[in-house]
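Top to bottom, those sequences are chains A and B. For the first sequence, counting from 1, position 127 maps to 127 in our numbering; every step adds exactly one. For the second sequence, counting from 1, position 399 maps to 399 in our numbering; every step adds exactly one.
FYI, nobody ran anything at the bench for these hints, they're computed from the structure. Since the model is a prediction, treat every value here as computed from it, not as a measurement. One should not assume that every hint holds.
[As the list claims (entries may be wrong)] Below, computed lysine to any residue pairings styled on SDA-like, alpha-carbon distance capped at 25 Å:
#1 Lys552/B <-> Ser101/A
#2 Lys296/B <-> Arg610/B
#3 Lys408/B <-> Leu85/A
#4 Lys157/A <-> Val73/B
#5 Lys128/A <-> Leu85/A
#6 Lys157/A <-> Gln648/B
#7 Lys408/B <-> Glu84/A
#8 Lys122/A <-> Ala178/A
#9 Lys155/B <-> Gly146/A
#10 Lys638/B <-> Gln648/B
#11 Lys552/B <-> Gln103/A
#12 Lys187/A <-> Lys296/B
[Said to hold, decoys possible] One-sided excerpt, in silico: chain A residues whose CB lies under 7 Å from chain B:
#13 Gly80
#14 Leu82
#15 Arg87
#16 Leu92
#17 Pro137
#18 Gln140
#19 Gln149
#20 Arg150
#21 Gly154
#22 Ala190
[Unchecked claim] Where chain A lies over chain B, by a calculated footprint (3+ residues, C-beta under 8 Å):
#23 68 to 77
#24 82 to 92
#25 98 to 112
Just so it is clear, CB atoms sit at the ideal spot from N, CA and C, and this is done for glycine as well.
Chain by chain, the residues run as shown.
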Amino acid sequence: MGRAAPAPVAERRHVFSAFAGGNRGKSKHKLLCREYHVRQTMQIVLLLLALAMTPALALDKDAPQQQQPLLGERISDLKGELRELNRELAMLEEELLFPTSTQLAVFLSLEVDDYFELAAVKLSVDDKLIASHVYNPREQAALRRGGVQRLYLGNLKSGEHELLAEFNGPGASNGSYAHVKKITFSKSEASKFIELKILDQSGNRQPEFVVREWE
Amino acid sequence: MLRDMFQASLHCMRSLIRAGNYRWLAPALLVCSSAQAVVFPDQEIELRDPHYGMVLFEAYQENYFSAAVKLLVSRDQQLLEHHQADSRLLLGDLYLSYGLYADAERVLRQLIDEGVSPQVSDRAWFYLGKIHFQKQQYRQAEQALDRVGNSLEKKLQEELYALRSNILMRQGKYSHAAGSLSGVIAISESAELHFARFNLGVAHIHSGNTREGIDLLRTLGKLETNDAELKSLRDKANLVLAFLVLKRAPLIARDFLRRIRIDGPFANRALLGLAWAEVERENYPVALAPLQELGKREHTDMAVMESMLLIANILERMQASPQALQAYQRAVDFYEAQLDSVESAAQTVRDTGFPRQLLADTGAQDASEAGWSWEAGSLPGKAETSFLFAFMAGNEFHETLKELRDLKQLRRRLTVWHEDMPAYTQMLFAREQDFPARLQRLQPEHSLQREQELRQWRDTLAGELQQVEQAQDAMALATAHEQQLLQRLEDIRQRSLRLQPASDASDVQQAQRFYRGLLSYQIETDYVARFAQLQAQLADADELLSQADGRKQALRDAREQMPQEYVSYRLRVARQAGRIAEMQLRVDALIGELEQQLQEISLRELETVRARLRDYLDSARFSLAFLQDRLLAQEQAKLLAESQAKRQATRLVQ
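Let's have the full structure, built from the sequences with the hints guiding it.
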C-alpha cells in the first residue's frame with residue numbers, strides 16, 4: 001500500500017475545491033473552521049472513548065433491551081421446562097437403574113487445610129474396582145468449600161461387603177501423600193449411603209479417611 | 001497487545017460480574033450485565049444430609065443447572081429432610097444464579113410466606129431484592145431490601161449495601177445512595193463497595209453533581225491495591241477524571257493519566273489523552289511521544305486509529321508541513337486499508353456468522369455451566385475478530401453469549417438423553433420378557449410352602465416353651481450335653497443298683513447322687529436366664545418370619561404389579577422421549593436465533609467502526625487537501641514574487 005504521488009497543481013486545486021468549495025478568499029477562515037471541526041470531532045470521540053467501554057454500548061444500549069423481553073423470556077421459559085424435563089429423566093434413570101432396594105451411594109468430602117491437595121481417589125467393593133476419579137482445580141475448590149461429591153452410585157445385593165478406598169495427592173513440604181482404608185459394611189433392603197471424609201484427625205498433617213454410614 | 005487488553009477487559013468485566021452484576025446503563029461503567037452472581041457464597045451450615053452436600057458440590061463449581069436438578073430430585077426422594085428450609089433457599093439462589101428469575105421469586109416468596117428463621121428470611125429478602133433489581137423493578141427492590149434484618153451473613157452485607165446503593169442511583173436518589181455507601185465504606189474496603197463507589201461517582205457526574213462525583217473518583221484513583229480488578233477500576237477512574245478536566249486543566253488531566261498503567265486495558269486511551277493534554281497546552285513536541293507509542297499498538301484499536309490523524313494535525317500545528325503532508329497521507333492510506341478490512345470482516349460475518357472458533361468452547365463437555373466463565377482460549381488474528389475485541393469485552397456480547405452457552409449445554413444434555421432412551425426401552429423390554437422366567441426360577445411357591453412349615457415349627461416350639469413356663473420345668477431347658485450327662489448319671493445309678501451287694505456300690509451311688517444334684521442345681525439356677533434367652537430367640541424368629549411375610553407380600557405384589565409397572569415405565573420413557581425430541585427442536589431454533597442476533601450485533605458494531613473510520617478518513621483527506629492547497633498557494637505566491645522581482649530588475653537594466 002504505497003503512498004500516492006502528490007497530485008499536480010491543477011488536480012490539487014480540484015481536490016481542494018471538492019472539500020472547500022473553491023473559494024480561496026475564505027481559506028484562512030476555512031482553515032480555522034476545519035481545525036476546530038477536526039479538533040472537536042476528535043475530542044468528542046475521545047470523550048466517548050473515555051466514558052464507554054465501546055461507544056456502541058452507549059449508542060445501542062436500548063437495542064438488546066427491546067429484544068430481551070421476547071427472546072429472553074422464551075429462553076427463560078425453555079430453561080424452566082428443560083429443568084423439569086431433566087428432573088423427571090433423572091428420577092426415571094435412578095428408578096430404573098438404581099432401585100432403592102439395591103442402591104449403594106458413596107460420597108466423598110474433605111476437611112483438610114491447604115497443605116494437602118486431593119489428586120485422585122479409587123474405590124473398590126469386594127475386590128472389584130467400582131470408581132476412580134482425578135480431581136480438577138474446580139472440584140478441589142468445591143470440596144474445600146464444603147461440597148460433597150457423590151463418588152459412586154450403583155447396585156449391590158444385600159449382605160456383608162468390603163469397601164476399599166484409597167486417595168493420594170501432594171502433601172506438605174512438596175511430598176506426596178497416600179492413604180488406604182478398608183471397611184466392612186452391611187447392606188440391607190434399603191439404600192445404603194457411605195461417606196468417606198478425608199480429614200486430619202490427629203493434627204499431624206496426616207490426612208486419612210474417616211468413614212460414616214448415613215442412616 | 002490488543003489481545004492482552006481484551007483479556008484484561010474480559011477478566012475485569014467477569015470480576016465485576018462476580019462482584020455484583022448490576023445493570024448500569026450509563027456508559028461510564030466498566031461493564032453491566034443482567035446475569036446474576038457467578039461466585040456462589042459458602043453455605044455456613046452443618047451438613048446433615050449428604051445429598052445436600054452433593055448439591056453444594058455442583059453449586060460451588062457454578063454448575064447451577066445440575067445443582068438445581070439434583071436438588072429437586074433429592075427433594076422428591078425425601079433425601080433432604082434435615083435441610084428443608086436451607087434447600088428451598090438454595091434452590092432460589094440457584095434459580096437466581098442461572099437466570100430463572102420468575103422461578104426464583106416464586107420459591108423465595110413461598111419460603112417467606114411460610115414463616116422461616118430470621119437468617120433464612122433475611123437471605124430470601126436479599127435475593128428477592130436482587131431479582132427485582134435485575135428486572136429493573138427498583139421500587140420493589142428497595143422494599144425487599146428494607147425487609148432484610150440483622151441476621152444476614154456478614155459476607156452478604158457488603159453486597160447488600162452495594163446493591164441498595166445501585167438501586168437508589170437508578171431512582172435518581174444519589175444522596176441516599178451515597179449515604180448507603182458511606183457508612184460501610186468507612187469500615188470496609190471490599191471490591192463490591194469500590195465498584196459501587198465508582199458507579200455513584202459517575203452517576204453524580206451525569207446528574208450534574210460534578211464535585212461529589214470527582215471526589216469519589218479521586219479516592220478510587222489513588223487506591224492502593226494488588227488486586228487486578230481493582231487496578232483496572234482505578235485506571236478507569238483516572239481516565240474518567242482526566243477527560244472531565246482535559247480542556248479546563250490539561251496539567252491536572254495529565255497527572256490523572258500518568259497514574260494509568262501502560263499495560264492495562266485503558267492504556268491506549270490514556271496515551272491518547274496524554275497527547276491531547278499536551279496539545280491543549282500547545283506543547284506539541286511532547287504530545288508526539290505518547291502517540292508514537294500508540295503507533296506500535298494494535299491498529300484496530302480506536303485510540304490508535306485516532307492517533308494517526310492527531311499526529312498529522314500536531315505536525316501541521318508545528319508548521320512542519322512536509323512531515324504533516326506525509327503523516328496525513330499515511331493516515332489516509334491507513335484508514336482506507338482499515339475500511340477495506342472492516343468491509344471484508346463484515347462480509348465474512350454476513351456470509352458465515354459470528355466467528356465460529358470463538359464460540360468453539362461454548363457447550364463443551366467439561367466446561368462449567370456458568371456462561372460467564374467463558375474465556376477466549378485463543379483469539380484468531382482475523383479482521384472480523386480484531387475489530388470486535390472491544391465489543392466482545394462488553395455487556396451485550398456477554399449476555400448473548402451466556403444464553404448461547406446455556407442453551408448449547410442443555411442441547412448436549414438432551415442429546416445424551418435422546419441416545420439413552422432406546423437403551424431404557426430395550427432394558428425394560430428385556431426385563432419384562434425375563435420376568436416370568438425369573439419368577440419361575442425363584443420357585444416362589446416352594447418358598448411360600450417352606451415359610452408355612454417354618455411358621456408351624458415356630459408355633460410348636462412356642463407351645464413347648466409355654467408348657468415349660470407353666471410347669472416351671474427347668475430340666476426341659478437342659479442342654480444336650482447336660483441331658484447326656486444326666487443320662488450317663490442315670491445309667492450309673494442303674495448299674496450301681498444292680499451291683500448293690502458289691503462293697504463299693506453305696507460310694508458310687510453317693511457320688512452319682514452328688515453329681516446329679518450338682519447338675520440339677522446348675523440347670524435349675526440357670527432356668528430364668530435360659531428361658532429368657534429362648535424367648536429372645538423366639539422373638540428373633542418372629543422378626544425373621546415377619547420379614548419373610550413382608551417379602552412374601554412384596555413377591556405377591558411384584559407378581560401382580562410388575563407387568564403393570566413395566567407398562568407404566570414404558571409409557572414414561574416414551575413420553576419423555578417425545579418431550580426430548582420436542583425440546584431439541586425448540587433449543588435448536590433458539591440457538592439459531594441467538595446466533596443470528598450475535599451476527600446482527602456484530603454487524604452493527606462493525607458498521608459503527610466503519611462510520612468512525614469514514615469520519616477519520618474524511619477528516620484526513622480534507623486536511624491533506626487543505627494543506628496541499630495552502631502549500632500550493634504559498635509556492636505560487638513565492639513564484640509570483642520572484643517573477644515580479646525579475647521583471648523589476650529587467651526594467652531597471654533597461
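Quick rundown of the hints versus the structure:
For a cut-off of 25 Å, the pair hint linking Lys552/B to Ser101/A stands: about 15 Å separates their Cα positions. Restraint check: the Cα-Cα separation between Lys296/B and Arg610/B comes to about 22 Å, which is no more than 25 Å; the hinted pair holds. This hinted pair checks out: Lys408/B and Leu85/A have alpha carbons roughly 16 Å apart, not beyond 25 Å. For a cut-off of 25 Å, the pair hint linking Lys157/A to Val73/B stands: about 24 Å separates their Cα positions.
At roughly 34 Å between alpha-carbon atoms, Lys128/A and Leu85/A are farther apart than 25 Å, so this suggested pair is violated. Between the alpha carbons of Lys157/A and Gln648/B the distance comes to roughly 124 Å, so the proposed pair goes past 25 Å and is violated. The straight-line distance between the Cα atoms of Lys408/B and Glu84/A is roughly 17 Å, inside the 25 Å bound, and the hint therefore holds. Restraint check for Lys122/A and Ala178/A: the C-alpha separation of about 11 Å stays at or below 25 Å, so the hint holds.
Between Lys155/B and Gly146/A the CA atoms are separated by roughly 17 Å; this keeps the pair inside 25 Å, and the hint holds. About 15 Å separates the Cα atoms of Lys638/B and Gln648/B, which keeps this hinted pair within 25 Å; it holds. The suggested pairing of Lys552/B with Gln103/A holds, with an alpha-carbon distance near 21 Å, which does not exceed 25 Å. For the hint linking Lys187/A to Lys296/B, the alpha-carbon distance of about 71 Å lies beyond 25 Å, and the restraint is violated.
At its closest, the beta carbon of Gly80/A sits 6 Å from a beta carbon of chain B; the interface hint therefore holds under the 7 Å criterion. With its C-beta approaching chain B no nearer than about 5 Å, Leu82/A sits inside the 7 Å limit, and its interface hint holds. Interface restraint check: Arg87/A against chain B, minimum CB-CB distance 5 Å, threshold 7 Å, status holds. Satisfaction of the interface hint for Leu92/A is found here, the shortest Cβ-Cβ separation to chain B being roughly 6 Å, below the 7 Å cut-off.
Given hint, Pro137/A at the interface with chain B, is violated; its Cβ is 10 Å from that chain's nearest Cβ, farther than 7 Å. Look at Gln140/A: its Cβ only gets to about 10 Å from chain B, farther than 7 Å, so that hint breaks. The interface hint given for Gln149/A holds, since its Cβ lies 5 Å from the closest Cβ of chain B, which is under the 7 Å cut-off. The interface hint given for Arg150/A holds, since its Cβ lies 5 Å from the closest Cβ of chain B, which is under the 7 Å cut-off.
For Gly154/A, the shortest C-beta to C-beta distance to chain B is roughly 15 Å, which exceeds 7 Å, and the interface hint is violated. Interface hint status for Ala190/A: violated, as the beta-carbon distance to the closest one in chain B is roughly 12 Å, over 7 Å. Only when three residues or more bring their CB closer than 8 Å to a CB of chain A does the claim for the stretch 68 to 77 of chain B stand; here the count is 7, and the claim holds. For the stretch 82 to 92 of chain B, the proposed coverage by chain A is not satisfied: 0 residues have a C-beta within less than 8 Å of a C-beta in that chain, short of the threshold of three.
Counting residues of the stretch 98 to 112 of chain B whose beta carbon lies closer than 8 Å to any beta carbon of chain A gives 6, which meets the minimum of three for the stated coverage.
When each numbered hint is compared with the structure, violations occur for hints 5, 6, 12, 17, 18, 21, 22 and 24.
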